[in-house]
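Trainee: Below, each chain spelled out in residue letters.
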Amino acid sequence: MTGDPSTAPAPLPAEAPPARSRFAHDAGVAAAVTVAAFGALFALYLAFAVPGAWIASAPDRSWKASELALVGGAGSVVDGALVITAMGANDTALVTLNTEISSADYPGIEWVVSGLPDTADVRLLWRSDVARGHTNLATGTVEAGTLRTFVLARDPAWIGHITGLALAIRAPLTSPLRIERVVARPLGVMDIARDRLREWTTFEAFNGASINTITGGANTQDLPLPAFAAAGAALAMLLLLALGRFAPTLYAMRAACTIAGIFVATWFVVDARWALNLARQTRATVARYAGKSLEQKHLASEDSELYAFVEKSLALMPKTPVRVFVAAGEHYFRGRAAYHLYPHNVQFEAFRDTIAPASWMKPGDWMLVYHRRGVQYDAERKLLRWDDGPPVSAELKLLEAHGAALFLIQ
Amino acid sequence: MDIVLVVIAWCVVWWMGASLLLAVSAASAWASPGGAAWIKGAGFLTGAFVLTLWMRALSALHVPFGLLSIALPLVLLGVAATAVARRRGLLHWTAMRIALVESVRARDLAGWRRGVWFAIIAWLVVRYLLLFIDVTLQPLYPWDAWIQWATKAHVWYSLKHMVPFVGVNQWVAAGGAFYTDASPGYPATVALWQVFSCFVLGEWNDVLMNIPWWMLGLAFPIALYGALRRMQFDALSALVGAALIATLPLIDVHIALAGYADLPMAAYFTVAALAMLRAFDTGQRGDALAAIVFAAALPTIKTPGIVWLLTLAAPIVVIVAPQRGPRVVVAGFAIALVALLVLAQTSAMVLGYRLHLDFAPPWSALYDSLFMLGTWNILWYGVVAAAIIGARQWLSTGVAPMTMLVGAGALFLFFVFAFTNARAWVESQTTVNRAVLHLAPLLLVWAMLVFRAWSRRLESVSPPSAVRPASAAAAS
Numbered sequence: 001m002t003g004d005p006s007t008a009p010a011p012l013p014a015e016a017p018p019a020r021s022r023f024a025h026d027a028g029v030a031a032a033v034t035v036a037a038f039g040a041l042f043a044l045y046l047a048f049a050v051p052g053a054w055i056a057s058a059p060d061r062s063w064k065a066s067e068l069a070l071v072g073g074a075g076s077v078v079d080g081a082l083v084i085t086a087m088g089a090n091d092t093a094l095v096t097l098n099t100e101i102s103s104a105d106y107p108g109i110e111w112v113v114s115g116l117p118d119t120a121d122v123r124l125l126w127r128s129d130v131a132r133g134h135t136n137l138a139t140g141t142v143e144a145g146t147l148r149t150f151v152l153a154r155d156p157a158w159i160g161h162i163t164g165l166a167l168a169i170r171a172p173l174t175s176p177l178r179i180e181r182v183v184a185r186p187l188g189v190m191d192i193a194r195d196r197l198r199e200w201t202t203f204e205a206f207n208g209a210s211i212n213t214i215t216g217g218a219n220t221q222d223l224p225l226p227a228f229a230a231a232g233a234a235l236a237m238l239l240l241l242a243l244g245r246f247a248p249t250l251y252a253m254r255a256a257c258t259i260a261g262i263f264v265a266t267w268f269v270v271d272a273r274w275a276l277n278l279a280r281q282t283r284a285t286v287a288r289y290a291g292k293s294l295e296q297k298h299l300a301s302e303d304s305e306l307y308a309f310v311e312k313s314l315a316l317m318p319k320t321p322v323r324v325f326v327a328a329g330e331h332y333f334r335g336r337a338a339y340h341l342y343p344h345n346v347q348f349e350a351f352r353d354t355i356a357p358a359s360w361m362k363p364g365d366w367m368l369v370y371h372r373r374g375v376q377y378d379a380e381r382k383l384l385r386w387d388d389g390p391p392v393s394a395e396l397k398l399l400e401a402h403g404a405a406l407f408l409i410q
Numbered sequence: 001m002d003i004v005l006v007v008i009a010w011c012v013v014w015w016m017g018a019s020l021l022l023a024v025s026a027a028s029a030w031a032s033p034g035g036a037a038w039i040k041g042a043g044f045l046t047g048a049f050v051l052t053l054w055m056r057a058l059s060a061l062h063v064p065f066g067l068l069s070i071a072l073p074l075v076l077l078g079v080a081a082t083a084v085a086r087r088r089g090l091l092h093w094t095a096m097r098i099a100l101v102e103s104v105r106a107r108d109l110a111g112w113r114r115g116v117w118f119a120i121i122a123w124l125v126v127r128y129l130l131l132f133i134d135v136t137l138q139p140l141y142p143w144d145a146w147i148q149w150a151t152k153a154h155v156w157y158s159l160k161h162m163v164p165f166v167g168v169n170q171w172v173a174a175g176g177a178f179y180t181d182a183s184p185g186y187p188a189t190v191a192l193w194q195v196f197s198c199f200v201l202g203e204w205n206d207v208l209m210n211i212p213w214w215m216l217g218l219a220f221p222i223a224l225y226g227a228l229r230r231m232q233f234d235a236l237s238a239l240v241g242a243a244l245i246a247t248l249p250l251i252d253v254h255i256a257l258a259g260y261a262d263l264p265m266a267a268y269f270t271v272a273a274l275a276m277l278r279a280f281d282t283g284q285r286g287d288a289l290a291a292i293v294f295a296a297a298l299p300t301i302k303t304p305g306i307v308w309l310l311t312l313a314a315p316i317v318v319i320v321a322p323q324r325g326p327r328v329v330v331a332g333f334a335i336a337l338v339a340l341l342v343l344a345q346t347s348a349m350v351l352g353y354r355l356h357l358d359f360a361p362p363w364s365a366l367y368d369s370l371f372m373l374g375t376w377n378i379l380w381y382g383v384v385a386a387a388i389i390g391a392r393q394w395l396s397t398g399v400a401p402m403t404m405l406v407g408a409g410a411l412f413l414f415f416v417f418a419f420t421n422a423r424a425w426v427e428s429q430t431t432v433n434r435a436v437l438h439l440a441p442l443l444l445v446w447a448m449l450v451f452r453a454w455s456r457r458l459e460s461v462s463p464p465s466a467v468r469p470a471s472a473a474a475a476s
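Here the protein sequences line up with chains A and C, keeping their order.
1 is the number of the first residue of the first sequence in the numbering used here; add one for each residue after it.
1 is the number of the first residue of the second sequence in the numbering used here; add one for each residue after it.
All the pointers check out, no bait thrown in.
Below are the DSSO-like pairs computed for lysine-lysine, each with C-alpha atoms no more than 30 Å apart in a straight line:
| # | chain 1 | residue 1 | chain 2 | residue 2 |
| --- | --- | --- | --- | --- |
| 1 | A | K312 | A | K292 |
| 2 | A | K319 | A | K382 |
| 3 | A | K319 | A | K362 |
| 4 | C | K160 | A | K292 |
| 5 | C | K160 | A | K362 |
| 6 | A | K319 | C | K160 |
| 7 | A | K382 | A | K362 |
| 8 | A | K312 | A | K382 |
| 9 | A | K312 | C | K160 |
Covered by chain C, per the in silico footprint, the following chain A stretches (three or more residues, Cβ under 8 Å):
| # | region |
| --- | --- |
| 10 | 209-217 |
| 11 | 229-235 |
| 12 | 331-345 |
The following label-pair restraints were derived from C-beta to C-beta distances:
| # | chain 1 | residue 1 | chain 2 | residue 2 | range |
| --- | --- | --- | --- | --- | --- |
| 13 | A | D118 | C | L53 | 44 to 52 Å |
| 14 | C | I306 | A | L314 | 34 to 42 Å |
| 15 | C | A27 | A | A242 | 44 to 52 Å |
| 16 | C | V4 | A | V286 | 12 to 20 Å |
| 17 | A | A284 | C | E203 | 25 to 33 Å |
| 18 | A | A284 | C | L53 | 35 to 43 Å |
| 19 | A | Q296 | C | A31 | 44 to 52 Å |
| 20 | C | L72 | A | V286 | 34 to 42 Å |
| 21 | C | V4 | A | K292 | 12 to 20 Å |
| 22 | A | L314 | C | H92 | 51 to 59 Å |
| 23 | A | P318 | C | A27 | 58 to 66 Å |
| 24 | A | P318 | C | A31 | 53 to 61 Å |
| 25 | A | G329 | C | S364 | 29 to 37 Å |
| 26 | A | H371 | C | G332 | 50 to 58 Å |
Everything labelled a hint here was simulated from the structure, so no lab data went into it.
For glycine and all other residues, C-beta sits at the position ideal for the given N, C-alpha and C.
With these hints in hand, go ahead and build the complete structure from the sequences.
Mentor: Structure (structure tokens):
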């Protein structure tokens with residue numbers, strides 16, 4: 001990392017091998033120790049993370065969505081997933097499943113769910129042949145809309161043969177929940193290792209939050225890669241520095257060279273994950289936008305419906321800039337509608353769902369409404385009003401069934 | 001074809017900036033280690049800023065924007081700068097060839113070092129190809145880009161001049177004479193880059209107008225490489241330093257999802273600081289001019305640029321008064337802190353941040369951002385480790401000015417996150433990383449300096465080794 005001579009490998013006495021082969025030797029030792037350090041660290045992690053036997057005696061056991069029964073709430077199986085569209089009494093949905101598994105073989109139960117609100121209260125319920133008629137429960141953890149695997153190895157009620165599972169979800173539902181499948185997992189060492197690898201290599205597509213934060217794989221990770229990499233690198237450095245001090249014939253690389261070399265190597269290993277993710281993102285970008293005109297690209301974007309509506313509106317509006325007021329329930333749509341309307345002289349509330357007062361408007365101004373409740377238009381009298389305010393005279397220029405309209409203020 | 005046009009246009013801007021930088025540089029600038037890379041990399045930043053200055057001038061003079069009115073004078077400026085450089089004897093084709101080609105071939109590196117050199121360059125080439133594909137296909141995507149930056153670009157491109165953006169009350173009162181958006185007070189620089197790209201294309205194109213972000217992302221590590229070489233780092237170490245910046249996930253995202261001003265802010269702040277420190281080191285007028293230009297750009301890129309500009313004063317004090325300087329800077333920090341605490345009693349608004357005396361730093365969220373998520377690779381582990389093992393080198397010669405600078409920057413960030421409404425943005429992971437990004441490249445350079453000073457000290461205090469060859473022992 002530095003440019004001074006101290007970073008060069010230490011030369012050896014006359015009887016030692018030439019510097020080049022000495023460096024190769026030390027580099028080999030450093031590589032071996034680094035790999036060993038990372039391996040040891042991961043083994044240490046597994047020692048704490050594996051809840052049951054290290055070597056699983058049974059394979060994963062999986063149940064499809066079609067095998068699930070929705071007891072409370074409303075929903076159906078769509079595209080291989082149980083989609084819950086409405087909750088039952090007390091905002092609760094109950095999904096049940098008949099099973100016949102050994103609790104000793106399967107200390108982990110995973111419900112592959114998406115769309116869970118962060119505030120959802122989720123419980124796993126089960127029955128076993130040990131205490132028939134008694135229902136046991138464990139509290140679930142919701143992370144980023146998904147549910148963490150229930151680890152039940154240390155639950156005294158997880159005993160005998162499990163004859164039935166159920167998931168109780170209590171939450172006000174704002175969008176449908178999807179349950180893809182249920183998996184009983186042995187949570188052996190390979191299972192845990194595979195999970196971590198999957199978390200690190202999960203494709204993280206660009207989204208609205210990417211400009212602020214890169215998660216680095218799956219949304220939730222039991223062992224974040226940067227932390228693990230840094231710890232592994234630190235351990236390797238310490239081992240090599242100790243080796244250099246106490247066994248210089250085995251390893252004689254300078255301390256600065258050791259530290260810098262391991263840091264940089266670790267950096268690029270972590271970066272390989274990011275590079276792979278970037279390559280997958282680029283492939284997704286190409287698939288979505290390559291070969292398209294500018295307009296087609298916008299029509300392939302997230303706000304294609306809004307873009308199409310604004311394009312129709314622009315065709316009806318004057319070519320020279322006019323004042324346009326934008327009303328939309330979601331701030332995303334307000335901002336995007338305004339963005340597409342420029343270079344017209346647009347007014348929109350970036351952060352609050354409010355519409356400009358009627359007193360601001362004058363004949364010749366326009367108002368674009370998109371997915372906004374509380375806007376009323378009296379077609380006969382050509383009066384437009386919103387949020388119980390006074391009406392303004394306006395002519396409806398464009399109306400679409402999905403709640404989009406364009407008005408010319410008169 | 002459109003992509004080629006925009007790339008060529010921005011290459012002209014790049015050439016113009018590099019020519020300007022070369023014209024004011026010292027006679028040995030091009031041939032000295034890192035000099036060529038510095039001129040090439042920082043040249044883009046010079047050209048991109050001069051471009052916006054010219055566009056501001058055109059608008060102030062009521063000359064309509066157009067490809068000719070914008071580009072022709074800049075081409076002439078580039079030609080004039082090239083002529084000055086030639087007259088000063090700075091344009092040696094042989095030296096330039098060596099600088100451009102031979103430096104990449106790294107003939108002065110041998111063995112494994114040369115292998116690593118080419119491996120890193122290949123790694124970066126692949127990275128920039130991927131980023132180029134993304135930036136040339138994706139319509140303007142990230143939130144602030146279309147709510148407060150490109151809004152201005154679209155209007156200024158269409159109206160062919162810089163019409164003012166104002167707050168909503170003023171907008172209503174103006175009856176249509178002014179425009180408004182989510183952040184009407186934000187500076188114009190990056191929006192003007194988009195305007196220029198659109199004039200090259202002859203149409204509003206919110207995909208290809210973002211190419212300058214990719215070019216900035218390319219130029220910045222080149223400038224950083226040059227700066228590190230000029231700080232006596234060897235070629236491989238300098239390349240590694242530049243590559244760490246080029247491969248930072250957050251920087252890559254800000255290139256691929258172009259449109260924000262944070263990457264430009266980070267790049268200009270870094271080169272301003274490095275040029276300034278270099279200017280004090282060499283006393284060269286060219287370096288001083290470059291530092292002034294880059295520093296002047298800071299407030300025109302983003303509002304916090306004013307504070308970043310002020311932080312540049314911290315190292316100056318240490319350089320001008322090396323004995324009493326550190327104490328003066330520390331006293332300055334204390335005064336600033338007290339002043340801000342007093343201001344915080346009134347919930348004052350400063351640079352868009354509401355100060356409030358409610359000290360509750362969101363440590364957990366900050367820790368997650370810097371150390372647990374993938375945003376920074378393992379940068380902060382390295383910086384913290386270097387800071388700890390090299391703690392006694394913070395104020396050593398050659399490191400102290402940079403220590404004061406990053407200290408002032410870190411204090412600013414700490415205050416913003418601990419005492420203002422920005423704390424909520426840390427907790428929601430929205431702004432914290434982008435704010436830290438402004439300082440991150442300089443912190444990396446500082447960590448490299450500290451680490452080098454530590455390793456040199458380690459070497460100097462080590463007892464003469466029995467395994468040291470006779471020649472080395474004689475030299476010491």
